[in-house]
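Produce the complete structure using the sequences and hints provided.
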Amino acid sequence: MEDVVVRSISRIIVPFIQLYGIYVILYGHISPGGGFAGGAIVAASMIFYGLSFNLEAGSRKLTHDVSSWMESGGALWYVFLGLLGIVMGGNFITNQAAGFYTGVPGQLVSSGIIMLISLGIGAKVASTMITIFYSLSAGEESSGDHL
Amino acid sequence: MEFDPLLAVAILLVVAYVFFYLPAGQIRKLLIPVILAIIGYALIVAVAEMPPFGAVENPQYNHVAQRYIEEVVQETGAVNAIAAVLCDYRALDTLGEATVLFVAIAAAVATLKAT
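Each protein sequence line maps, in turn, to chains S and R.
Just so we're aligned, residue 1 is where the first sequence starts under this note's numbering, counting upward by one.
Just so we're aligned, residue 1 is where the second sequence starts under this note's numbering, counting upward by one.
Calculated directly from the structure, the hints in this document are not laboratory data.
There could be a bad hint or two in this list.
[Unchecked claim] Simulated coverage check for chain S against chain R, where a stretch passes if three residues somewhere in it have a Cβ under 8 Å from a Cβ of chain R: (1) 30–42; (2) 47–57; (3) 71–78; (4) 86–92.
Owing to the predicted nature of the structure, the values given are computational and were not obtained by experimental measurement.
Just so you know, even glycine gets a beta-carbon here, dropped at the ideal spot from N, CA and C.
Here is the structure:
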């Protein structure tokens with residue numbers, strides 16, 4: 001869509017939506033939210049940018065290479081955290097017995113593996129939603145009629 | 001009502017076998033609502049036998065849920081019990097869900113990436 005108001009507002013507001021999404025991911029063990037909801041919010045910001053501008057600008061902002069790196073990186077990070085538990089002498093995914101820092105409940109840096117897993121899950125969900133949006137819209141745009 | 005599940009599955013399998021080998025005609029058109037009615041009746045009976053929602057003596061309120069609620073702050077250090085159950089007590093299921101997400105996006109990109 002080519003509205004001036006929508007375009008300028010979307011340029012201003014997209015960083016704040018992403019900041020809120022990262023807050024929901026990081027504070028997953030204190031307030032409601034967690035990895036899945038925060039990842040959806042971050043993806044919504046990029047989808048909003050891609051809708052208010054055209055899809056070329058949107059897919060240039062977050063290219064397919066970066067998106068696939070985020071996706072694979074999230075899964076590999078999760079498995080790496082699980083394997084750390086085996087290296088330190090416990091089961092596959094261990095929290096406190098593998099040496100992760102479990103501090104005062106209620107602080108940001110506490111509860112060891114939960115925040116790290118939330119980061120991986122958030123990156124994965126965000127890149128999944130953005131890739132699906134760009135794949136579906138690009139397919140429709142290239143094969144549909146231009147009004 | 002006593003419902004032997006193995007007998008029901010066997011009857012349904014025999015009916016499906018007979019159904020697929022009938023020539024397309026009037027018998028098939030009459031048999032479809034009958035089969036659907038039987039399946040629907042079985043499902044309604046199963047739902048009617050379930051315990052009321054939220055009763056204390058349901059089998060899901062056992063010692064596992066009690067231990068999760070009582071020991072979540074001490075064992076994991078997280079105040080949000082849902083995040084602790086998702087990412088610490090049942091982290092392997094969350095890994096399975098992340099794998100399903102990855103496979104879904106790989107299949108979607110492989111199918112839809114025309115250029």
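Requested in this report: Identify every previously stated hint that the structure contradicts and give their numbers, smallest first.
Outcome: Structure breaks hints 2, 4.
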